[in-house]
Each structure stands twice: as C-alpha cells, then as structure tokens.
Amino acid sequence: MYNKGLVITGIVIFVVFFTSPFLIGLVKSGPPPEPELTPKAKLAKQCVEAKEYMVESHMQMLNDWRNQAVREGKRIYVATDGKEYTVSLQNTCMDCHSNKSKFCDQCHNYAEVNPYCWECHIAPKEKL
Amino acid sequence: MLETALKGSKKYWILIGVLFGLHGMGATAFLYQLSKGLTVTGMSRDVSWGIYIAQFTFLVGVAASAVMVVLPYYLHNVKEFGKITILGEFLAVAAVNMCLMFILVDLGKPMRMLNVILHPTPNSILFWDMVVLNGYLFLNIIIGWMVLSAERKQVEPPKWVKPLIYLSIPWAVSIHTVTAFLYAGLPGRHFWLTAIMAARFLASAFAAGPALLILLCLIVRKVSKFDPGKEAIQKVANIVVYAMIISIFFVVLEIFTAFYSQIPGHMHGFVYTFVGLHGHGNLVPWTWAFAVMAVLATLMLLCPPLRKNEKTLAISCLLVFFSLWIEKGITLVITGFIPNPFDTITEYVPTLPEVAITVGVWATGFLILTILYKIAVSVKEEIAS
Amino acid sequence: MERSRRSFLKILGISTLGLGTLSSVDLLAKAEMGKAAFAPDPQGMTGKRWALVVDVKKLDEETTQKAIEACHLIHNVPDYGDDEEIKWIWTDKYEHAFPGTEHAYLAEEIEEKPFLLLCNHCANPPCVRVCPTQATWQRGDGVVMMDQHRCIGCRYCMAACPFGARSFNWKDPRTTYFKDKEPPNPKYPTRTKGVVEKCNLCAERLAVGEMPACVEAVKDSKAIVFGDLEDPHSEVREVLHEHFAIRRKPELGTNPNVYYIV
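Residue numbers (our numbering), protein chains in the order written: chain X, 1109 to 1236; chain H, 3 to 387; chain C, 47 to 308.
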C-alpha cells in the first residue's frame, strides 16, 4: 500500500469521527424521556389512535392530516374506532396535549429531532 | 485527472486561496441570510426578485455559449475549435453551477428545494428550468470529462459520447429559451411580455459567453504552455460581433414597438431605465453604461485592426461582457417589477449581505472554473510534450 | 489490479442501492393505517365558483377598516408597514386599483373612494400556472389555495400575479412582529419566514359553513357580497344582474372573481 501510515491514520480518524455520536452517547447519555399527560389527556384514555401506533407513526399521521385538511379540504378524521376528530394539530392534538415542553419536547429533545411545526402552528401557552 | 488540479504554481494556489476566501465570505453571509430570512436583502413586496435571479438570468446565457464552439466543430468540422471545445464545456459547467447556486440562495426555503422533484409540475416553467439546467450540467460534465480523458490517453472517446455531444447542442438553446419563458409568459409584467425575449437571450448569450471565453483563452495562453490558437480566438470574435449586432438590434426593436405604439405599459419600463419615471431613476446610470459600452464594443469589434490586435480585442470583450451583464444581469429583471401592478414605483437597491453572497457565488463559480481549466490545460500540456 | 478495483466499486455501489431500496420499501409498508378515513365537514359550504361582489358606493374608511381588521386579526397577519409589508386585503385609490383606466376628469366620489383590494381567486390563475411545487393550486370550488408546508419561497407566483395580491415573509413574524405580543388568533397558525401568503377566501371558515371574515364584518351594510357564481339563485348573481360591475385588468384573461359595482 502506498502511504500506508497516512492512509491507516486517515481511516482511523474517519471511523472515530463517524461513530462519535454513538461513542459520546455511551459516555454521556441524559435521562430517558418522560412525556407527561395533561389531566385532559388522561381523562380521554386513548389518543386519536392507539398509543403504540401514535408513538411509532404520529409523524406520518400528521403528514396525512396536513395533506387531507389543506390540500383535499377534508377536515374530519374518522379514527379506526369510529370516533370523529377535527383535523388540526393546533386545535385538536394540542388541545389535549397542551403541555408541549413536558410532552412533545420530551422525546423530541432526547432524539435530537427538531420538527418545525411550531414555527407556524401556535403551541398553547404553558404555565412555567 | 483530478490530481492535475492538485499540482500548481504559487500563483495558482494564491488564486485558489483568494477564490476560496471569497467563497467563505459568501457562505458566511448566506448563513446570516438563512437565519434572518431574505429581509437582509434589498428585495421588497413590489420588487420580489433582485440581483440573485438577475445574475442567474445572465449566467444562463454564458453557460449556453459553449454551443458556439461545439456546434461549428462537431457539425461543421471547423478544426480551429478542436482545441477549445473543452474550455467551452468547462465554462458551461462553471456557469450552470453558478446559476443553480443563485437560485438556491434566492429561495425562501432552500431546504425544501427537492419539492420541485418530489412534486413535478409540468405546467410550471420553473420545473422545466430545473430539468434543463441540471441536464445541461450533467451533459457537459460527462462530455468534457470523457473527451478530455480520452485525449489524455490518446484514444477516441467511447462511442456513446457522440450522441450526447449532439444532444448538448439543442439542449444549450433550450436552457435559455426556458429561462426566457420564465419571464415572457407572465401576463402582469409588460416589460417582459415580448415574443422576442428568448431571441434576445440567445443573442446576448452568444455575445457575452464567447467574449468571456476569448478572455479566458488569452489568460490561459499567458499562464500556461497551452495555446488555444490565434485563429480560434479570431473566429470566436467574429461570432461575438455578429451576436452583439443582433443583440443591440433586438433592443432597438423593443424600443420601437414601445414608443411608436405609445402604449404606456410598453413604454414605462424603458422610460424608467433610460431617463427615470416619476422621479425615480436609480437604474439610469447603469442603463447608459450598458448602452455606451455595448455600442463602443461593437464598433471596436467591427474594425478589423482592432479585432485582430489581441489587446484591443480583450478590451472589446470586457466591454461586451460587462455591458450585457448590466443589461441581462441587472436592468432586465429589476425593471420588470417597475412600475408595480398598481402603477406605483418601489425602487430596489441591493444590500451588503446580498452583494456579499453574490460575490461569493461568482467566486465559487470561478473556483470551479479554475480547477477545471487547470485540469484541461495540464492534460493539453501533457500530451503536447 | 485496476480491473478488480473497478469491479469492487461496482459491486459496492449496486449493493448500497439494493439495501437502500429494501429499507425504503419497508418504510412505505409501515405507513398503512387500517380503516381510518377522512371526510369533509358536512356543514361546509359547497360551490363551484366562489366570488365576491364589492359595492363600492358602500365603502368608506370605517367599513373598509372593519373588513381589513377582521381578516388580518383572525389570520394573524403581521402589520410591518414598510416595503416588506404583508397584506391579504387592503385599500387603494381607483387609479391604483384600475391602473390605465383613470383619466384627468374622474368623478370626485370615485377618485377619493378607498377600494378594497384582495386576491381575485381568478378562474384562470397565472400564479397557479407557474408554481413549481403546486404549493398554490386552484380548488374545485374556485378558491386559489396556499399550502405553506410545501412552498419553497421561489416567489414566482408573486411575479406572475398581475394584481399584486401576494406577500412574502421576508422575515419571521414570530420573532419580529409577534415578539412581544401574542398572535391575535390562537386557533389559526402564523406563517414563518420564507413562504408566500395571500387571502385564502377563509377556506377554514368555508369548511365549517361560515362566510369569509371580511364579508361577515360588513354584513350589515352588504358592502361585500359572497356567493357561488354558478348558482343562478345566489346573492352574487342577483346583485350582478341588477348592477353594472367591473373587474380588475380583465384584458389579461385571468378571469378574476372579485367584482366591483362602481
């Protein structure tokens, strides 16, 4: 191999750099997220769909809600259990989950995900 | 072949350094624009496109000018152009890159730019602009690279390159036809609503692009052992002078229609640029600079001793390039918005961040050009020895 | 040596492509949602071609301000007041509303009148024609809609609109105009920097059976009348039958749906 020293050093630096998020995560990981339900949410017993489905696919569902409401003009969602909801992040989802910093942000911050929904959609005011 | 760009003289590396520095300055200004929004520019509700789109408009023409050496060489066997087709193609690559960068920095939401591909909209000219610009970029990269590397190995390029070369000829015409269509199909903007918009684009492209190509050839001859050839340069100069005459003629045609018909909508744009309208006239000095430089350049180019002398030719080419940069790169786009749909005037002055980003994009384009030209020239020098 | 390096890279490329396709197919499969469905609100207004008729004789400072405020408040439209302003509905004089038709001897009443201007929701909209992402499109009921989720902020639609009806968010309203004051309507979103906005004919109100806000605000005087042009018994058809009305720049063929009784 030509320039063996340089090449091997380069590969090592690359591997370390590439896996650094995982390495740092091993050493320094924050507490796991604990999303809190508001009293209103607890009362409702179930979200629009089942909890496991929401945890896994709420992003996809919100995309579908957005397309159906804005682009197709269909603002009523008939859930799998037959209940009807108004298709609105701001007025339906956030109506129950009005504690963004203790609910939505919990998992988003932990996963370092930064959804830009709230740049436009107004999150309910929280009592800090 | 890329390794030839990694070896160069001190002057080469200083040039690379300066261009990279300007690129960095532009990138920093762009980050500032991303965080604050396009409010950092001088654009407004009335003048919603500014120098970013204006530069893109001008550079589309420069990019298409590669066809002016490719067509004569491949279709009509003009042997003198054999040495410089690669320079034309690489100039096209750099210019199209600048076009794409200028569009990117002008977008309100550049992170959503893939929406144009995810949601294709064939009725939108902007969609087709994306298609033809990217297509032309890939065509020229592939053609240039394949032909150059074949030349280096002293063999014929693979057979599939020829049809791509033939395709690049009408494709070059398409890129500024489509760009002209962006403007020429808008019902509310009378300054742009002219059937000869695409023809004007073509004419000024075939003057400005080859003029730049001549200047680059003269520089290449000076800084390297590769000589593009005096005959090639003279032939390109002929193309420039014809294209300039037609360009100026087209502007005169526009002015005639506007002022002989006396229709206000047609006249207002020209009145604004040439003498000012309702007390507003910050483009007037630019317009007259364009007019004077364009006429002077054409006269110089028409005069055989001035055209044959490469020093005066260089001056003429600079005049051609800058006059058309003003006409297509500033006055055309801005004036389209003046007066606004309410017949009032909001003027436009670019801001410092806007100029910084513009300079940064130009520097990036020239950086790409420098590297590609270094590769081409190194290969030419290599096979000559 | 060269031969095998080339084949190695080829195999690497193809396997990356293959693995990539595999995972994306997997993602697509997961998006199924079972028996969920979407439906329009049964109370929603249905029509084939919504239009507005503005009775110019009934316009004055007060009426027009009521209409503008109603719209701008419920839609959280920031009021910058400079050349980067955002406006969905506003007033201007005759010579600016109908440029080219004014002359030196205009009736005083018309010359001074504040004309209400807004998006015309054209039947042949050039802005829709030019949008590269369908972020603006024409609905079946004639409303020219905006999808701010998709807009890339290219502002081509602003260049195409002959009526100057569109505004761009040059800056972020939340961190500038609404920095120290709450957006007036917590039930409607704001926009963010980098997207275009304009009157949406209160699509969110039409969806639940309510009139556009500007129409509602002046309903006592009936300065603005709203209805379906394709319904021969609608109020707009009645009003147009009885009064001569003009539209802005009809010669451009955009077929605007906002009429002005002068």
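These are computed hints drawn from the structure, not numbers from a lab. Any given hint might turn out to be false.
As the list claims (entries may be wrong) - For lysine-lysine, the following DSS-like pairs were computed, each having C-alpha atoms within a straight-line distance of at most 25 Å:
id: 1; chain 1: X; residue 1: Lys1208; chain 2: C; residue 2: Lys56
id: 2; chain 1: C; residue 1: Lys227; chain 2: X; residue 2: Lys1191
id: 3; chain 1: H; residue 1: Lys155; chain 2: C; residue 2: Lys56
id: 4; chain 1: H; residue 1: Lys38; chain 2: C; residue 2: Lys217
id: 5; chain 1: X; residue 1: Lys1150; chain 2: C; residue 2: Lys227
id: 6; chain 1: X; residue 1: Lys1112; chain 2: H; residue 2: Lys164
id: 7; chain 1: C; residue 1: Lys227; chain 2: H; residue 2: Lys38
id: 8; chain 1: C; residue 1: Lys56; chain 2: X; residue 2: Lys1182
id: 9; chain 1: X; residue 1: Lys1210; chain 2: C; residue 2: Lys103
id: 10; chain 1: X; residue 1: Lys1233; chain 2: C; residue 2: Lys56
id: 11; chain 1: H; residue 1: Lys13; chain 2: H; residue 2: Lys155
id: 12; chain 1: C; residue 1: Lys103; chain 2: X; residue 2: Lys1208
id: 13; chain 1: X; residue 1: Lys1235; chain 2: C; residue 2: Lys225
id: 14; chain 1: X; residue 1: Lys1210; chain 2: C; residue 2: Lys217
id: 15; chain 1: C; residue 1: Lys159; chain 2: X; residue 2: Lys1208
id: 16; chain 1: X; residue 1: Lys1112; chain 2: X; residue 2: Lys1153
id: 17; chain 1: C; residue 1: Lys227; chain 2: X; residue 2: Lys1233
id: 18; chain 1: X; residue 1: Lys1233; chain 2: C; residue 2: Lys159
id: 19; chain 1: H; residue 1: Lys85; chain 2: H; residue 2: Lys38
id: 20; chain 1: X; residue 1: Lys1150; chain 2: X; residue 2: Lys1112
id: 21; chain 1: H; residue 1: Lys13; chain 2: H; residue 2: Lys161
id: 22; chain 1: C; residue 1: Lys56; chain 2: C; residue 2: Lys103
id: 23; chain 1: X; residue 1: Lys1235; chain 2: C; residue 2: Lys103
Here's how the hints hold up against the structure:
no. : hint                  : result
1   : X/Lys1208 / C/Lys56   : violated (48 Å)
2   : C/Lys227 / X/Lys1191  : violated (37 Å)
3   : H/Lys155 / C/Lys56    : holds (23 Å)
4   : H/Lys38 / C/Lys217    : holds (6 Å)
5   : X/Lys1150 / C/Lys227  : violated (32 Å)
6   : X/Lys1112 / H/Lys164  : violated (41 Å)
7   : C/Lys227 / H/Lys38    : holds (19 Å)
8   : C/Lys56 / X/Lys1182   : violated (48 Å)
9   : X/Lys1210 / C/Lys103  : violated (55 Å)
10  : X/Lys1233 / C/Lys56   : violated (55 Å)
11  : H/Lys13 / H/Lys155    : violated (28 Å)
12  : C/Lys103 / X/Lys1208  : violated (49 Å)
13  : X/Lys1235 / C/Lys225  : holds (18 Å)
14  : X/Lys1210 / C/Lys217  : violated (29 Å)
15  : C/Lys159 / X/Lys1208  : violated (48 Å)
16  : X/Lys1112 / X/Lys1153 : violated (63 Å)
17  : C/Lys227 / X/Lys1233  : holds (13 Å)
18  : X/Lys1233 / C/Lys159  : violated (42 Å)
19  : H/Lys85 / H/Lys38     : violated (47 Å)
20  : X/Lys1150 / X/Lys1112 : violated (62 Å)
21  : H/Lys13 / H/Lys161    : violated (38 Å)
22  : C/Lys56 / C/Lys103    : violated (75 Å)
23  : X/Lys1235 / C/Lys103  : violated (50 Å)
In this structure, the hints that do not hold are numbers 1, 2, 5, 6, 8, 9, 10, 11, 12, 14, 15, 16, 18, 19, 20, 21, 22, 23, in rising order.
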